[in-house]
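All chains, full assembly: derive it from the sequences and hints.
The numbers in full-length UniProt numbering rise by one with no breaks, and the one at position 351 of the sequence shown is 351.
Calculated directly from the structure, the hints in this document are not laboratory data.
Quantities reported herein were computed from a predicted structural model and do not represent experimental measurements.
Be careful, since some hints might not be right.
[Claimed, not checked] Derived CB-CB ranges, DEER-like:
(1) A255 <-> N474: 35 to 43 Å
(2) G523 <-> Q459: 18 to 26 Å
(3) L126 <-> S237: 53 to 61 Å
[Unchecked claim] EDC-like, lysine to aspartate or glutamate: derived pairs with alpha carbons at most 16 Å apart:
(4) K517 <-> E438
(5) K175 <-> E207
(6) K517 <-> D439
(7) K517 <-> E464
Think of the CB as a built atom: it goes at the ideal place given N, C-alpha and C, for glycine as much as any other residue.
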Amino acid sequence: MREEAAEREASERERGEPRSRRPTGWGLLQALWYLAFYQPVVTERHLRRRNLEFLFVRFSAWQFAGCDRLWAGLVTTLCEGVRQHFGALPLSVFHVVGAAPRFAPGLSHAEWALKTGACLRLWGLLLVLAAGLGILLVALLVPGAKGHPALKVVGGAATSLSGSGLALGAVSVLKNLLVSEKRKIERLTNSERFAGQLGFMSKVRAEVQALVGFLGFMEIFERRRLRVVLQVTSLESCYPEKVAGVLNAIGTLLADAHSPFIFLLALDPGVIVPCLEQTGCMKGLADNGYLYLSRTVSLPFSIPPMGARSRLRCLEAAVRTREDLMYRIITANIERRCGKCRGGAAAPGRREADAEAVRRIHEAFRCLHDGDDPLARYVPCGGASVRRIVNTIPVTLRLLLHRDGPRALSPSPRAAAAWVVMADRWPCRLSWALQCLEDAWHSQPAAELATRSLWSVFQEGVGELSALRQPLHNVLSLDQDPELFQTFLARDFPFSTADARDLLPVTVNLDHSIRHKMGLLRGLDRLQ
Numbered sequence: 001m002r003e004e005a006a007e008r009e010a011s012e013r014e015r016g017e018p019r020s021r022r023p024t025g026w027g028l029l030q031a032l033w034y035l036a037f038y039q040p041v042v043t044e045r046h047l048r049r050r051n052l053e054f055l056f057v058r059f060s061a062w063q064f065a066g067c068d069r070l071w072a073g074l075v076t077t078l079c080e081g082v083r084q085h086f087g088a089l090p091l092s093v094f095h096v097v098g099a100a101p102r103f104a105p106g107l108s109h110a111e112w113a114l115k116t117g118a119c120l121r122l123w124g125l126l127l128v129l130a131a132g133l134g135i136l137l138v139a140l141l142v143p144g145a146k147g148h149p150a151l152k153v154v155g156g157a158a159t160s161l162s163g164s165g166l167a168l169g170a171v172s173v174l175k176n177l178l179v180s181e182k183r184k185i186e187r188l189t190n191s192e193r194f195a196g197q198l199g200f201m202s203k204v205r206a207e208v209q210a211l212v213g214f215l216g217f218m219e220i221f222e223r224r225r226l227r228v229v230l231q232v233t234s235l236e237s238c239y240p241e242k243v244a245g246v247l248n249a250i251g252t253l254l255a256d257a258h259s260p261f262i263f264l265l266a267l268d269p270g271v272i273v274p275c276l277e278q279t280g281c282m283k284g285l286a287d288n289g290y291l292y293l294s295r296t297v298s299l300p301f302s303i304p305p306m307g308a309r310s311r312l313r314c315l316e317a318a319v320r321t322r323e324d325l326m327y328r329i330i331t332a333n334i335e336r337r338c339g340k341c342r343g344g345a346a347a348p349g350r351r352e353a354d355a356e357a358v359r360r361i362h363e364a365f366r367c368l369h370d371g372d373d374p375l376a377r378y379v380p381c382g383g384a385s386v387r388r389i390v391n392t393i394p395v396t397l398r399l400l401l402h403r404d405g406p407r408a409l410s411p412s413p414r415a416a417a418a419w420v421v422m423a424d425r426w427p428c429r430l431s432w433a434l435q436c437l438e439d440a441w442h443s444q445p446a447a448e449l450a451t452r453s454l455w456s457v458f459q460e461g462v463g464e465l466s467a468l469r470q471p472l473h474n475v476l477s478l479d480q481d482p483e484l485f486q487t488f489l490a491r492d493f494p495f496s497t498a499d500a501r502d503l504l505p506v507t508v509n510l511d512h513s514i515r516h517k518m519g520l521l522r523g524l525d526r527l528q
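Here's what the structure looks like:
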C-alpha cells in the first residue's frame, strides 16, 4: 500500500499537480491559519486527485479483552492513532474553531472559503478590546478625564468582555490539547450516567464525526486523499458478545458513504462464526454466522495454504530467532561458569554438554529445512505452530541429553524432531495411541509388545476412538489431516512402542490431560 501511494504521488507530480504538504514546521503555521479563518471546499479537482496517503493503526482486541465495551477500545485506538500522526495541536484547534469540508456549489476551483462570520466575530472582539483599552487609558492618563468613574466602568467592561471571549477560546484549545479524544471516550465509558443511555452513543458518535471532519480538512490542506487503515487482530481471544460489538462498531464507522476508514480484519472464521452464532446479533439471518460475515466483509481474502518454499522461509525465520536466543544463553552460561571455575574440572564437562546439545539441535533443524527430507512436508503452515515446534525441539533434545548412559544419545535428533511435529499436529490421535499402549503394557507380555509398531497399536484401538468421537469432539478438532497421520506414522516415521515409551517422558508439547480423559472414557466404555 505504501508503494502504491508513492507511485501515485510521483504520477501526480509528473502531471504538474502541486506538491503535497504536511502540517510540520511552516506547514503547521499554515494549517493553523486555515483552521482559524477558512473552511475547506471539496471541488471537482480534489475528487480527481489520485495521490493518497495511508495511516496505519493497529488494534489488538486482546489488549482490550478485559474491558466491558470492546468497541469503545476500537474507537479510542482510532482517535489516538490519528492524533499521533497529525499532532495534538491541529486536532485541538479544529475541535474549537475548525469547520468540516463542504462540497462546492458549482464548478468552482477554489478549495478554501473564508469564514466570514468567524472573521467578523474576531474583528469585533479585537475592536471592542482596543476601544476598551483606549477608554481605560484616557480615564487613567488624560488630565481632563482622569479619574472619571463612568469611563473606567465602560472601559473595564469592554476590555473584560472581549478579553474573556478570546481567553475562553484559548482555554478551550488548551483543554482539547491536554485531554485527548481517547481520554474523553474513556471518561464516558466509565460514567454510570451515560452507560445505559442514548446520550452515551451520541457523544461517542460526535467524537467520531469530528475526527472524520478533521481528516476531510487535512485532505484539502495536504492536497491528497487520506485513508485510515485499522488493522484488527486477536478477536478470537475475546468473548462472543464483544466480538459482535466490534463488528457492529466497524459497520457503524463504515456506514457513511464518504468514510475515510479501511478495516483489515485478520480472523479465523472457524472461531469467529460460532462466537457470532451465540450472540443476539443474528436475528433475521437464520443464526448463520457465515452469512453475517459475508454481509460485513466487502473484500474477503482467504490466505491459501503455504507452499513448500514459503513454509521453509517461515521455519527459517523462526529458527533464526531461536538460535540467536540459544547462542546468547549458552555463551552467557559458559562465561559465567568459566569465571567461577577458572579452569576447574566441571566447566569443560558442561561446555561439552552444551556443545553436544547445540550440535544435535542444529541437526534437527537441518532435517526440518531439507526439502528432500520427508519431515519437511509435515511442517505446519501456521506461524504459531511453527514457533511452537521450533521452541520445543531444543527443550526435548536437552531433556534427552540429561538422561544417563547410552539412552542420552537415542533417539536421533531427526526422530526427536519428528516426534515433536507429530505431537503438535495430531495431539488427539497420538494421545489415544499412547493410552492404548499404556493399557496394553498391563495386559500383554513386555517382550512381545516392545517389537510392535505404534501404528499397529493405534489401529487396534481406532474403533473405540470412533465410538467416543462425541465426547472427544473438541479434542479431535485439534488434529490435522488424518490421512497424513497414517502416512506419517505407518510409512515415513514408523515409531515402535519402545521408541514411544522412551520419548514419552520428554514430550513437553503434548497435553497429558487429554490422555487422562481418554483413559477415563475408555474405562467407562468397557464397563458398559
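Taking the hints in turn, this is what the structure says about them:
Separation of A255 from N474 is about 38 Å and conforms to the stated range, judged on CB atoms against 35 to 43 Å. At roughly 21 Å, the beta carbons of G523 and Q459 sit within the given window of 18 to 26 Å. The given range of 53 to 61 Å is respected by L126 and S237, whose C-beta atoms sit roughly 57 Å from each other. Restraint check: the Cα-Cα separation between K517 and E438 comes to about 14 Å, which is no more than 16 Å; the hinted pair holds.
Of the supplied pair hints, the one linking K175 and E207 holds, its CA atoms being roughly 15 Å apart against a limit of 16 Å. Only pairs whose Cα atoms come within 16 Å are accepted, and K517 paired with D439 is accepted, the gap being roughly 14 Å. Annotation: proposed proximity of K517 to E464 holds, straight-line Cα distance about 14 Å (limit 16 Å).
Checked against the numbered hints above, the structure violates none of them.
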